[in-house]
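Taken in order, these protein sequences are the chains called A and B.
Residues in the first sequence are numbered consecutively from 1, following the numbering used here.
Residues in the second sequence are numbered consecutively from 975, following the numbering used here.
In short, the hints are calculated from the structure, not lab data.
The beta-carbon is built from N, C-alpha and C at its ideal position, and this holds for glycine as well.
The reader is advised that the hints may include incorrect statements.
What the hints assert, rightly or not - The following label-pair restraints were derived from C-beta to C-beta distances: (1) B:1411 to A:639: 34 to 42 Å; (2) A:504 to B:1543: 51 to 59 Å; (3) A:852 to B:1610: 44 to 52 Å; (4) B:1842 to A:403: 24 to 32 Å; (5) B:1354 to A:867: 45 to 53 Å; (6) B:1577 to A:817: 45 to 53 Å; (7) B:1644 to A:452: 24 to 32 Å.
2 protein chains.
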Amino acid sequence: MAEEPGVEVESPVTSRSEQQAPHFLRDVIFHGKFRLLKALTPEENVHSQHGLYFQDGERRVDYVLTYSAKKPGGSRSGRQSVHLLAENAVARSFRRGPHGRGPRQQQQQQQQQQQRRRPPQGTRDPVHPPTSPAADVEAGGAGETSNGHEDHKAFRREEFEGKLRDTGLELEKDDTKISGVGFVKIHAPWNVLCREAEFMKLKMPTKKVYEVKQSGGVMDKISSLVSKVLEPLHPHIEEHQPKNIKHLSHTFSREKQHLFDLSDKDCFFDSKTRSSIVFEILKRTKCKAKYSMGITSLLGNGVYTAAYPLHDGDINDSAEPNDRKLLYEEWANYSVFYKYQPIGLVRKYFGEKIGLYFAWLGLYTQMLILASLVGVIVFLYGCATVDDNIPSMEICHPRNNITMCPMCDRVCSYWKLSSACGTARASHLFDNPATVFFSIFMALWAAMFMEHWKRRQMRLNYEWDLTGFEDEEDHPRAEYEFRVMQKSLSKDRRPQHKMDKLTCQDRLPAYMTNIVMMLLMIGVTFAIVFGVILYRISTKAALHMSSNPTTRNHAQLTVKTTAAIINLVVILILDEVYGAVARWLTVLEVPKTDKSFEERLIFKTFILKFFNAFTPIIYIAFFRGRLVGRPGSYLYVFESYRMEECTHGGCLMELCIQLSITMLGKQLIQNNLFEIGVPKLKKLIRYIRSKRGSYKEEERQKKLQRYETDHFLEPFAGLTPEYMEMIIQFGFVTLFVASFPLAPLFALLNNIIEIRLDAKKFVTELRRPVAARAKDIGIWYNILRGVAKVAVIINAFVISFTSDFIPRMVYQYMYSPDGSMHGFVNHTLSYFNVSHFQEGMETMDPLHLGYRVDICRYKDYREPPWSATPYEISKEFWTVLAVRLAFVIVFQNVVMLMSDVVDWLIPDIPKDISLQIHKEKILLVDLFMKEEQGKIQILESKSSTGGADNCNKGNNSTIAHPRFGPVTSNTEGV
Amino acid sequence: MAEEPGVEVESPVTSRSEQQAPHFLRDVIFHGKFRLLKALTPEENVHSQHGLYFQDGERRVDYVLTYSAKKPGGSRSGRQSVHLLAENAVARSFRRGPHGRGPRQQQQQQQQQQQRRRPPQGTRDPVHPPTSPAADVEAGGAGETSNGHEDHKAFRREEFEGKLRDTGLELEKDDTKISGVGFVKIHAPWNVLCREAEFMKLKMPTKKVYEVKQSGGVMDKISSLVSKVLEPLHPHIEEHQPKNIKHLSHTFSREKQHLFDLSDKDCFFDSKTRSSIVFEILKRTKCKAKYSMGITSLLGNGVYTAAYPLHDGDINDSAEPNDRKLLYEEWANYSVFYKYQPIGLVRKYFGEKIGLYFAWLGLYTQMLILASLVGVIVFLYGCATVDDNIPSMEICHPRNNITMCPMCDRVCSYWKLSSACGTARASHLFDNPATVFFSIFMALWAAMFMEHWKRRQMRLNYEWDLTGFEDEEDHPRAEYEFRVMQKSLSKDRRPQHKMDKLTCQDRLPAYMTNIVMMLLMIGVTFAIVFGVILYRISTKAALHMSSNPTTRNHAQLTVKTTAAIINLVVILILDEVYGAVARWLTVLEVPKTDKSFEERLIFKTFILKFFNAFTPIIYIAFFRGRLVGRPGSYLYVFESYRMEECTHGGCLMELCIQLSITMLGKQLIQNNLFEIGVPKLKKLIRYIRSKRGSYKEEERQKKLQRYETDHFLEPFAGLTPEYMEMIIQFGFVTLFVASFPLAPLFALLNNIIEIRLDAKKFVTELRRPVAARAKDIGIWYNILRGVAKVAVIINAFVISFTSDFIPRMVYQYMYSPDGSMHGFVNHTLSYFNVSHFQEGMETMDPLHLGYRVDICRYKDYREPPWSATPYEISKEFWTVLAVRLAFVIVFQNVVMLMSDVVDWLIPDIPKDISLQIHKEKILLVDLFMKEEQGKIQILESKSSTGGADNCNKGNNSTIAHPRFGPVTSNTEGV
């Protein structure tokens, strides 16, 4: 049907004996010939759905490889070089002997030489084998033209494509309107799909359906009611089948294909399965160069520039309905923010791995609703009780005119405690008994979230037919193979045993670099935090010394605001730097597989970003105000700056401010500004450029084929950044939640946008990722667990050390004369005799308050000046400390125990799923047994004999004849 | 060949159309006929290897079912009843219409009636549906004869056996010399084995072998050297194949059977696989009674009395070589205690589950070697440094004549601290800085053990071809089905929807009982501990008051010894009681599957036994001596007995004594005495009885068939008791290791015996268990992890609170004038003014020491009498407490972090295994691809066409034709 004269159809034809030469010839012919054609007629274009199909309009394009070709503008020479190259290749292949050994070695030498040179242009993919300087030197002088390079690459392509054809794939090359880019379209015919599906052990739905029973109890009625109420929250996506009917799934196997509904072979494997099957073949296929090159090496060396499957279609209103458009309308859309995600469709389109990410994100966001509700209630409780709080009332009461020691040396003077009334009241908002409850709640919430995720994951695994699928060791990465090749080259003189792996020794330098760099980076973080502290101390000191009273009054505010902004900016910058450093370090390590690369990268990135985000916060929570010293013997940094103190309300207030600024700033700037703004900016630039430069850009784009438009999209760079962002956020939500109960609310608001933002990115801005199967979210789960564990400990310390919860309790139950909180403020303040100030450090304005001060007060548990051991740490201090520590132990162990109990009470596999799995197993055995019986009957009716050695037939005959022979012999016996 | 006239051969013949009647007939014939024969000739007997084969000597007995038959002594009537029954059945089945509905319903009614009656005799198996009293009442009055019962059972058996034959199994009944027991031997023919192996997704070795590469690095040389050194430690078991050659495994499938080496079909599936296949069929096969009855229900109702596979042969020296004999010689033998276990052979004979238990036990024992070595070193360090220990030197030094307050009221007098010299020195053995190191070491050791076990498990999974195997929900237990049936019966009047599960509501009473009983049992444990405390206090008081000075001197020793023995006896008795209670409670719960039954039972048993074993120890470690009060205001129990104090050396010493007595006692008595002694006793009783009673017992046993001898063995009751014993021991080894560094050594010695003891039990005393596949040790791993976690916390508390480590540190770094330990003893003792004793409580013999005492000392941190707040808790107390608590926090978190790091550093899957799995995957794909090519070539040579809809053929034709059609069309195009 597509046999138009001159349109070349790559047929599903391969023969192993004559691989390379004919392909070369054909491609040359093809390239030459195609110049004669203008373009496809519009009808053809519609028929092949803008490049979703081969030229014949029947075979679907399952995968596209691109390579850089000569520009058609100055293409005469380019095409000539292709001609030349092809001729060379043909000549070479003809020169080859019957076994083709001699010339191949020659080729290999040539390839080897060329490999040693660095690929000329930077490739899109971060994957490119590091060429060591030594190899460069070896390659030596003679500079060949880039033509030689291109020749070499074309040759490698030919080899690779030949091998692909050997595996049964069908390839088509096509002329394109995009200059400098060549496209190889790959189609996997039915037989290849079947074969690979069998190898990959894909589970496919069989014809057999069964009803999922609703057991009709009270619970089911409730759940059906709930689902009816939630109906409007579900996206408008029609299901193919009623909800309570499920197809029995079975691992696909060609021998058992009668089980499957193969009426529509084009649709049996959906587009994501087809592309992942092709990708599997691509990964397996290796060019036999000096070291075997798979698709990743070829991409890394620039032999191919990109490899991607095609999107299902356009998302314009005018486009025909397709999954992508449906996703765009029902998922990647801010107007449906309140709805559930169509996870099934996401999985169908993007594969399990991405489906799991969005499912996880969805569950996390759902769980945040609960957390933010409780958080808001806790915050409101704080607001409501602020007027009943005795300590802040005591501070604010004008009668309690406690004279406090100066806040800084010399320039500051004594001050009245009642002036700290505002902060004291504000700090009650975050420092009240409800926060203790809230942090316990959040620890359990985290445990519940984990458990729920495990269950959701299990349910998805079942629904997506992944039960029984096992992650297998992946193919080695290109860089790894390259390094192994290098190593075996350098040791080739030694007795021949093939080096097939990198030992620890080979990796030692990389490991050392890793450790040193990681420590250095963490050191940098610490240094910056320390720098900000110094900035704060010195600026405050400078402002205090200022003669302008307004400046002095606003000193506190100015310093805090600028310091927080500096902190935020530094965190944002370092985040990018650390991301790059972590990637660089991981590349240095040369991990073996992609999975291990990803895990190591994630681990390093996580460590660095975690330290970056949380070091300033940890400083404020646990160190600020602890190392102050006491009046008369303050602690000084650089011998001139006194260490920072917290305001009277305690450090919790400051922790809360820092936390909210960092969290909100990060979310607003990093997520929304960067993620929304940058694409918008890019579009603007593209628009301006298209106006200025090639005018027809826009017009051309309309006529572009699917594979060409997809080529302009960004390549998919993995889910790591998306997960990382969420994990850091999870850290903000759980780690210091005792000090900032509104964190879950902010996270929730962010995530509602985030889901749709990510969805938009995946649907409109990225090339379609290859569908990857995955049973779980991998290392992220462990990181989440780790964060949740650390959260328990940190919250225990925040409550007991940063907040005033424990001192209040101790006062109330041990020291208070009437069991109330009255007198607590007085109890926490120690006495200082002003005559004991060091010389030159006493305030310059002792009469600032209008009266002479003999004794001033400061916040600490120390002996008064009149005791036997003045200014020594008092018994109260040790008592409070012991209670604080005891609280930490109790809190940590109780909460951990409760988390474990939650973990243990909620079964990992939902009950209905485990029942259904069991039922399916029984149904399957039934099915096979019936089939067996059926076969026997057929055999019986045919009455075929013949004792084949074949088990299958052997059986059947044994079962088939039954009763006739032996039973009669039996009766004979009688 | 076995066609001797009159010997009935059950042929592999079944026909679905005429199921029951012919079987009945045949069995009747068979029973009748067999009386005519005397016995097999000796030659036949040898040929059929004493009952390992059917009478034809060819078909292996894969499984045996036994039932209680009439005794041959009074058997005339018995056999007649069988005749009658058979006639009835035949008549009934003839009366049956073409659809057979009417009579079946009738049958069912009858069955139902009989079900409601309790099975007449207790069955060996613990599995028997609890018949509720209500059902009993329903069954009502009319007492039928036991004959009716037997009829019914025989009928049920016939039905079941008919169904078994339908599945393709072959059955043989045989006369036996054992009175009252009938045997049904089951053979699975080749076709059934193939079919079931496919259903069970068994992985079997293929013909394809490959070499496991030794990469020849330095590590490998070392490892080969090590393995050479360890050579004598390996058991003498020849391997079939060289070590570095491995068969590629693939899931067995009849379509792919050309992959497998089927030259010897009898050996392809080994005996354990065959029996597990038969067991799988047995579990699946259900009698359609009122509720469907599987094999477990039939066993529970006494329809069958036992079901077991056969051992491979005899273990006498004269027996032919077989796996069992080999195991007996090379494994179940005390003389090879120093050798590795032949785990591969154990797995081959007993299956994966039991193999994993012994592998786990072996690894645990190996790891104990390291732990006991370090433990002994730590103990020796304590011994060596006992003379350098300043505190004990100070106590012992006669110059430091500190006068201590009386140990008891009135009758006791003041005493000199130097008299506690002995205990002080002894306590140093266990209370020195090395124990801190040791408990950290043991926490890491536990983490290492876990990790190593995960790796070993993974390696075994790979070697045993279990990768990819997934545990599936098992069939429901008989009791569960019975309860569901009962429930649906009682609700049958309501609109028909089938009740197919028990809801929470149904189980609520059982759950409540469970909780109440568990709490009660734990309460009993606490009560007993408290009782022992009371015993100790009161006896001591009584002995102190004794007029006999010898009695008074030995009071301490007498009380301690008797109390410890009472404790031990109580623990031993309660252990048995708790085991029974846990089982009873679990039966009450009616768990759905065997797995869930096992898990619930284990959980309950563990909780109870754990509390039982460790409550007294926890009391001594953390409570004893803490609640004493102070001189002048002691704490009294029942207003007359003062609470116990520890001796001056601290409670650690007493903890150590209690721990060693409990642990050693439990091991010696429970494990060795019970496990060795009881079987010996049984043998003795049997010997005596055989002498007295039936004289020919022994002689007869020699002539018994395999299935008959195995019938006399104990049934296999699960691995729970074995694991439980080891877990409790693991608790002793890890939980309080800070106080008793020799625990690992004792555990090691015990385990070396334990392995061989268990081995002997499995090989000689138990019926062969059905091989169960398992990937891991299940819930036990979680329990181990839990124990290891708790161990960290408990050790932290033991070090900081029970030992004197922290007070010593605090003294040395905070209070010591010269930074040494001199003066520590004085620092820990508070002052008491004897005039402050309560009236009537002062000692009756104030001049006991020869001088008048004004101030006596006691061990506590309290203010002296001359302070402003006499006898108040002092600042030192709070300081020490804070440091103690801080130590707990630091220790717990550091050790947990280190464990996590160990967990993270050691990969779960050994590298070589993951490499090999990857390699196998590639090899397998290669193999299939080659096969595909081969097929194509064959097809090509046949040049068969025909566009079959078949995918398989469809492909081949597409690939088969290649190049000819399209290539030519291509050239045509040009």
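Handout entry: Supplied distance hint 51 to 59 Å, evaluated on CB atoms of residue 504 of chain A and residue 1543 of chain B
Key = Taking Cβ atoms as reference, residue 504 of chain A and residue 1543 of chain B lie about 56 Å apart, which means the hint holds.
Handout entry: Consistency of beta-carbon spacing, residue 817 of chain A to residue 1577 of chain B, with hint 45 to 53 Å
Key = With a Cβ separation near 50 Å, residue 1577 of chain B and residue 817 of chain A satisfy 45 to 53 Å, so the hint holds.
Practice task
Go ahead and decide if the range 45 to 53 Å is satisfied by the Cβ distance of residue 1354 of chain B to residue 867 of chain A.
Solution key: 49 Å, holds
Handout entry: 24 to 32 Å as the expected CB spacing between residue 452 of chain A and residue 1644 of chain B, which holds or is violated
Key = 43 Å, violated
Handout entry: Assessment of proposed distance window 24 to 32 Å (beta carbons of residue 1842 of chain B, residue 403 of chain A)
Key = 28 Å, holds
Problem - Beta-carbon spacing of residue 1411 of chain B to residue 639 of chain A - inside the hinted bounds 34 to 42 Å or not - result: 41 Å, holds
Problem - Cβ distance range 44 to 52 Å for residue 852 of chain A and residue 1610 of chain B, holds or violated - result: 58 Å, violated
Comparing the model with each earlier hint shows violations of hints 3, 7; every other hint is respected.
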